[in-house]
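Each chain, letter by letter, is given below.
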Amino acid sequence: DGGITQSPKYLFRKEGQNVTLSCEQNLNHDAMYWYRQDPGQGLRLIYYSQIVNDFQKGDIAEGYSVSREKKESFPLTVTSAQKNPTAFYLCASSRDREETQYFGPGTRLLVL
Amino acid sequence: AQSVTQLGSHVSVSEGALVLLRCNYSSSVPPYLFWYVQYPNQGLQLLLKYTSAATLVKGINGFEAEFKKSETSFHLTKPSAHMSDAAEYFCAVSDAIGNEKLTFGTGTRLTIIP
Numbered sequence: 001d002g003g004i005t006q007s008p009k010y011l012f013r014k015e016g017q018n019v020t021l022s023c024e025q026n027l028n029h030d031a032m033y034w035y036r037q038d039p040g041q042g043l044r045l046i047y048y049s050q051i052v053n054d055f056q057k058g059d060i061a062e063g064y065s066v067s068r069e070k071k072e073s074f075p076l077t078v079t080s081a082q083k084n085p086t087a088f089y090l091c092a093s094s095r096d097r098e099e100t101q102y103f104g105p106g107t108r109l110l111v112l
Numbered sequence: 113a114q115s116v117t118q119l120g121s122h123v124s125v126s127e128g129a130l131v132l133l134r135c136n137y138s139s140s141v142p143p144y145l146f147w148y149v150q151y152p153n154q155g156l157q158l159l160l161k162y163t164s165a166a167t168l169v170k171g172i173n174g175f176e177a178e179f180k181k182s183e184t185s186f187h188l189t190k191p192s193a194h195m196s197d198a199a200e201y202f203c204a205v206s207d208a209i210g211n212e213k214l215t216f217g218t219g220t221r222l223t224i225i226p
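As they're listed, the protein sequences go chains A and B. Sequential numbering of the first sequence, starting at 1, is according to our numbering. Sequential numbering of the second sequence, starting at 113, is according to our numbering.
Read the hints as simulated data drawn from the structure, not as lab findings. Fair warning: there could be bad hints in the mix.
Claimed, not checked - Calculated lysine-lysine pairs in the DSSO-like style (CA-CA distance at most 30 Å, straight line):
1) K213(B) <-> K71(A)
2) K180(B) <-> K213(B)
3) K170(B) <-> K180(B)
4) K161(B) <-> K57(A)
5) K83(A) <-> K9(A)
6) K180(B) <-> K161(B)
7) K213(B) <-> K170(B)
8) K57(A) <-> K213(B)
9) K181(B) <-> K170(B)
10) K70(A) <-> K180(B)
11) K57(A) <-> K14(A)
12) K9(A) <-> K70(A)
13) K70(A) <-> K83(A)
14) K161(B) <-> K71(A)
15) K9(A) <-> K57(A)
16) K57(A) <-> K70(A)
17) K9(A) <-> K213(B)
18) K83(A) <-> K14(A)
19) K161(B) <-> K213(B)
20) K213(B) <-> K83(A)
21) K70(A) <-> K14(A)
Bear in mind that the values here come from a model prediction, so they are computed numbers and not experimental data.
Isolated chain A, as found in the complex (with noise of 0.2 Å):
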């Protein structure tokens, strides 16, 4: 059964943590993404990654971090420098940049 995983469904973060968040695909495809989404606000890109061991910065990437250390893997760390981390966080990835998007179920970061 393919698809896009992500976990965990809901996270808490404490002051001056950092946190990360995993996506997961067994579609084989090269391209992975993080959004971020904000009530009453569309998509906004973080980070994107075309193939495994190359990752570029989107349009909020401050405060985030990720790895592509494997094909099917493409972690999202939120650090202590992102002052308002409370969001749904979107995976998605396609066979290449160019292809249909495919989302995971995302996940529900809260701030204690």
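Please build the complex by placing chain B on the supplied structure of chain A, with the hints as guidance.
Only chain B this time, still in chain A's reference frame:
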């Protein structure tokens, strides 16, 4: 620079009635246009896309959209609403090929009245 405006953050229609969700774009070059649907607490799913072929684009679940260059619009329609259409709908524009270049609208929440 590209931008997209979705008129109406909330739209309610009766079951069986016409669905019309509005999207206007701004782009300095011929755009690529997309409609996505998001069900509660889920990711987005592509409904349809316009990539400079036919101006009337048919998508999944009975939805279609028409690209009107003179009006800079890409409105989404469905002839007869179903309860399962209740969701949030996002219009997106890109002035070049590449998913990383998409600009998303703020979304329209569609409610279906029984």
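Structure-based check of each hint:
{"no.": "1", "hint": "K213(B) <-> K71(A)", "verdict": "22 Å, holds"}
{"no.": "2", "hint": "K180(B) <-> K213(B)", "verdict": "21 Å, holds"}
{"no.": "3", "hint": "K170(B) <-> K180(B)", "verdict": "15 Å, holds"}
{"no.": "4", "hint": "K161(B) <-> K57(A)", "verdict": "25 Å, holds"}
{"no.": "5", "hint": "K83(A) <-> K9(A)", "verdict": "21 Å, holds"}
{"no.": "6", "hint": "K180(B) <-> K161(B)", "verdict": "14 Å, holds"}
{"no.": "7", "hint": "K213(B) <-> K170(B)", "verdict": "23 Å, holds"}
{"no.": "8", "hint": "K57(A) <-> K213(B)", "verdict": "12 Å, holds"}
{"no.": "9", "hint": "K181(B) <-> K170(B)", "verdict": "18 Å, holds"}
{"no.": "10", "hint": "K70(A) <-> K180(B)", "verdict": "42 Å, violated"}
{"no.": "11", "hint": "K57(A) <-> K14(A)", "verdict": "25 Å, holds"}
{"no.": "12", "hint": "K9(A) <-> K70(A)", "verdict": "22 Å, holds"}
{"no.": "13", "hint": "K70(A) <-> K83(A)", "verdict": "29 Å, holds"}
{"no.": "14", "hint": "K161(B) <-> K71(A)", "verdict": "27 Å, holds"}
{"no.": "15", "hint": "K9(A) <-> K57(A)", "verdict": "24 Å, holds"}
{"no.": "16", "hint": "K57(A) <-> K70(A)", "verdict": "18 Å, holds"}
{"no.": "17", "hint": "K9(A) <-> K213(B)", "verdict": "27 Å, holds"}
{"no.": "18", "hint": "K83(A) <-> K14(A)", "verdict": "11 Å, holds"}
{"no.": "19", "hint": "K161(B) <-> K213(B)", "verdict": "15 Å, holds"}
{"no.": "20", "hint": "K213(B) <-> K83(A)", "verdict": "25 Å, holds"}
{"no.": "21", "hint": "K70(A) <-> K14(A)", "verdict": "29 Å, holds"}
This entry does not satisfy hint 10, going by the numbered hints stated previously; all others are met.
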